[in-house]
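Number of protein chains: 2
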Amino acid sequence: MMRTRPLKVALLGCGVVGSEVARIMTTHAGDLAARIGAPVELAGVAVRRPSKVREGIDPALVTTDATALVKRGDIDVIIEVIGGIEPARTLITTAFEHGASVVSANKALLAEDGAALHAAAEKHGRDLYYEAAVAGAIPLVRPLRESLAGDKVNRVLGIVNGTTNFILDKMDTSGAGYSEALDEATALGYAEADPTADVEGFDAAAKAAILAGIAFHTRVRIGDVHREGLTEVTAADIASAKRMGCTVKLLAICERAADGKSVTARVHPAMIPLTHPLASVREAYNAVFIEAEAAGQLMFYGPGAGGAPTASAVLGDLVAVCRNLVAETTGPGESAYTQLPVSPMGEVVTRYHISLDVADKPGVLAQVATVFAEHGVSIDTVRQQSRQDGGGEASLVVVTHRAPDAALSGTVEALRKLDTVRGVASIMRVEGE
Amino acid sequence: MMRTRPLKVALLGCGVVGSEVARIMTTHAGDLAARIGAPVELAGVAVRRPSKVREGIDPALVTTDATALVKRGDIDVIIEVIGGIEPARTLITTAFEHGASVVSANKALLAEDGAALHAAAEKHGRDLYYEAAVAGAIPLVRPLRESLAGDKVNRVLGIVNGTTNFILDKMDTSGAGYSEALDEATALGYAEADPTADVEGFDAAAKAAILAGIAFHTRVRIGDVHREGLTEVTAADIASAKRMGCTVKLLAICERAADGKSVTARVHPAMIPLTHPLASVREAYNAVFIEAEAAGQLMFYGPGAGGAPTASAVLGDLVAVCRNLVAETTGPGESAYTQLPVSPMGEVVTRYHISLDVADKPGVLAQVATVFAEHGVSIDTVRQQSRQDGGGEASLVVVTHRAPDAALSGTVEALRKLDTVRGVASIMRVEGE
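As you go down the protein sequences, you meet chains V and R in turn. Note that the numbering used here has the first sequence beginning at 1, numbered continuously upward. Note that the numbering used here has the second sequence beginning at 1, numbered continuously upward.
There's no promise every hint is true.
Copies of the same chain look alike in the list, so a pair counts if it works inside one copy or between any two.
In silico DSSO-like cross-links for lysine-lysine, where the CA-CA straight-line distance does not exceed 30 Å [said to hold, decoys possible]:
hint, residue 1, residue 2
1, Lys-361, Lys-261
2, Lys-152, Lys-52
3, Lys-52, Lys-8
Calculated from the structure, these hints are not laboratory results.
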């Protein structure tokens with residue numbers, strides 16, 4: 001029972017993702033219609049550079065006036081692949097006001113203002129879907145929002161940024177330094193000309209905020225996410241991780257506190273054991289672990305970015321939203337009923353790997369150990385090694401047991417003040433054990 | 001906006017999965033109500049042994065009359081975790097007739113008669129959900145049916161039976177033979193007293209049929225699935241795989257033909273390279289690769305069976321079905337519009353690893369190679385080795401290039417007839433390259 005009036009779809013943005021969405025909508029029109037129960041028609045494409053030739057897209061559909069497009073009133077679904085906060089936010093809310101549902105790939109906007117967008121969608125009885133905002137083609141939003149809707153998610157741990165994983169993988173396999181690996185990522189198109197959003201962890205933090213909100217049925221904004229990028233990670237850190245049987249990954253970690261009364265979300269580099277499945281995630285791939293009370297540990301792996309994979313996620317959402325329109329219903333909206341507060345990083349329980357340059361004389365280890373004890377931090381292992389250069393220095397590598405991050409960072413501050421500690425060569429958290 | 005009349009849920013079966021479903025429904029009632037937008041209430045439990053004490057379940061809800069329960073007319077959702085064809089099939093269709101939606105974990109029934117069940121659900125305007133029928137807690141049905149609904153899936157390749165993976169993992173890590181590994185699986189509760197459904201591949205074949213149908217938007221029944229179990233796999237096969245840098249896994253493989261005009265579905269043991277992510281799936285875990293045109297390669301990993309993981313999948317479906325009831329709609333039904341035929345195994349293109357015991361004399365390799373050539377099968381590598389026992393025999397290990405399975409099996413039949421071939425020590429397909 002195919003309805004005959006086509007559903008009208010407008011595309012905001014026609015870059016790497018948008019052009020792929022348009023291409024698949026055209027080449028797979030028959031399949032999409034059969035799966036939706038109605039034909040879908042590309043009814044408008046808003047772009048910045050109208051003169052650019054876009055293969056397969058009727059030039060008559062192209063406009064630079066995105067606002068007029070979302071106000072047209074005959075559009076059923078708006079696909080927003082512009083990115084950034086404005087004008088995307090205003091365009092999306094205007095689209096809802098004019099009766100359209102929205103599919104978005106905009107992680108920054110959803111992590112900044114997701115609650116307001118959800119509220120606008122609900123007010124106007126429309127859908128807001130955004131699988132493509134997190135980890136490209138890998139289904140994560142839908143599994144968390146629907147498949148695990150009867151379970152209690154306790155932890156989400158993953159590699160959600162392909163650029164930084166590519167850089168760390170290069171550093172790990174070739175021994176390259178950060179700058180050299182970044183240059184290679186840029187040359188191969190894995191890093192943008194301005195890599196800040198990736199390498200400083202903003203992109204991963206936005207994804208962590210979105211995942212934490214859905215996983216714990218609460219609201220987490222990007223500003224709630226503790227964020228450390230990988231620009232400080234050195235070849236020495238990677239080598240040190242290797243000696244421990246570990247590798248370094250930039251992880252997004254969202255956790256429910258043990259007492260269930262708060263959540264945390266953070267992005268930072270961490271050492272993980274080579275035996276952990278995330279350790280073998282290579283190049284620009286993404287992978288996310290979800291730990292739930294009944295389900296146990298689930299892992300989702302795939303390409304986390306790129307035009308076609310992201311378009312796959314957008315089109316999956318488009319089919320869902322169109323099916324809802326045909327059935328005259330909407331999908332699950334925001335679920336934020338737990339209203340759990342987001343605790344600061346200091347309260348997160350984690351482990352540190354600390355590498356110190358110390359004076360090579362008796363009593364130093366005792367002095368260092370006392371500092372740990374005074375901060376209530378228990379030491380797991382210590383490795384002490386005299387330097388070969390005969391400069392009277394030794395290196396001391398300490399791995400702690402689990403302790404609140406504030407106690408661990410307080411320990412490091414106190415260690416820096418010891419006369420016998422010449423320098424803190426590296427500090428990194430240890431995860432995945 | 002919580003509706004106040006509770007949704008009434010009846011449970012058919014209260015074994016390992018059912019009791020866990022009932023437990024979570026009770027302990028997490030508040031969360032489920034918040035996520036659904038209405039409270040859910042366990043309104044009846046049909047069991048075979050009513051005298052058994054079931055902790056946390058009101059004895060007044062327990063009945064042996066499952067038929068009366070599904071006919072009550074006030075039940076909103078039936079959860080069927082009995083398994084098997086009858087009485088499950090009649091109970092489910094009766095439930096639809098009496099206005100209930102159905103969540104089922106019954107792979108055998110869905111693979112045997114899914115089309116009729118879907119038709120019954122549609123006729124009565126009710127939902128049929130069955131995430132738990134395939135790979136326990138791992139979201140696969142929903143990702144294929146919804147997340148990838150805008151993409152074109154070309155291949156599904158996975159480990160979907162935990163019992164056989166446990167057995168093969170034991171054989172691989174300890175060098176044990178099949179019987180010994182099966183005994184260990186039985187002792188640890190991974191294998192049932194009658195392990196036929198697992199070790200002969202029936203369980204995996206049912207899952208393959210369900211996955212192929214959803215992935216390719218067509219109908220595939222268990223009878224369409226080529227099925228070989230692992231009872232013939234020997235310690236020598238595993239050792240031979242190791243020498244090739246491979247391991248042996250029981251794989252479920254669903255493929256769209258290169259010309260797009262047919263599909264295939266099969267379950268058999270196969271060698272896969274140790275570098276393939278499926279090679280490192282240990283013990284009773286499951287993992288499934290999905291290859292789609294736009295998304296690329298996705299992998300889903302997790303516990304494939306067990307009470308709590310399966311209950312997680314059941315409850316995710318319960319929440320979805322209840323949300324649909326609150327919204328007075330139904331979810332996506334069967335999508336089988338492509339009506340692609342299922343080709344027989346002979347047309348599947350694959351590779352063989354063949355180990356032959358041959359006479360240790362000149363000319364044998366030429367003779368063997370001629371047989372391959374006559375069947376149009378191209379050889380990738382040959383390894384020839386004289387036996388140490390001086391019995392005048394050598395072993396010849398041949399790995400072929402890709403060829404239709406009929407040509408490969410025809411080659412093996414012809415090889416058996418050669419005077420110089422004393423025996424075929426092992427034949428196994430090679431996948432995952």
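Subject >> Those earlier numbered hints the structure runs against, lowest number first >> reply: As far as the earlier hints go, only 1 is violated by this structure.
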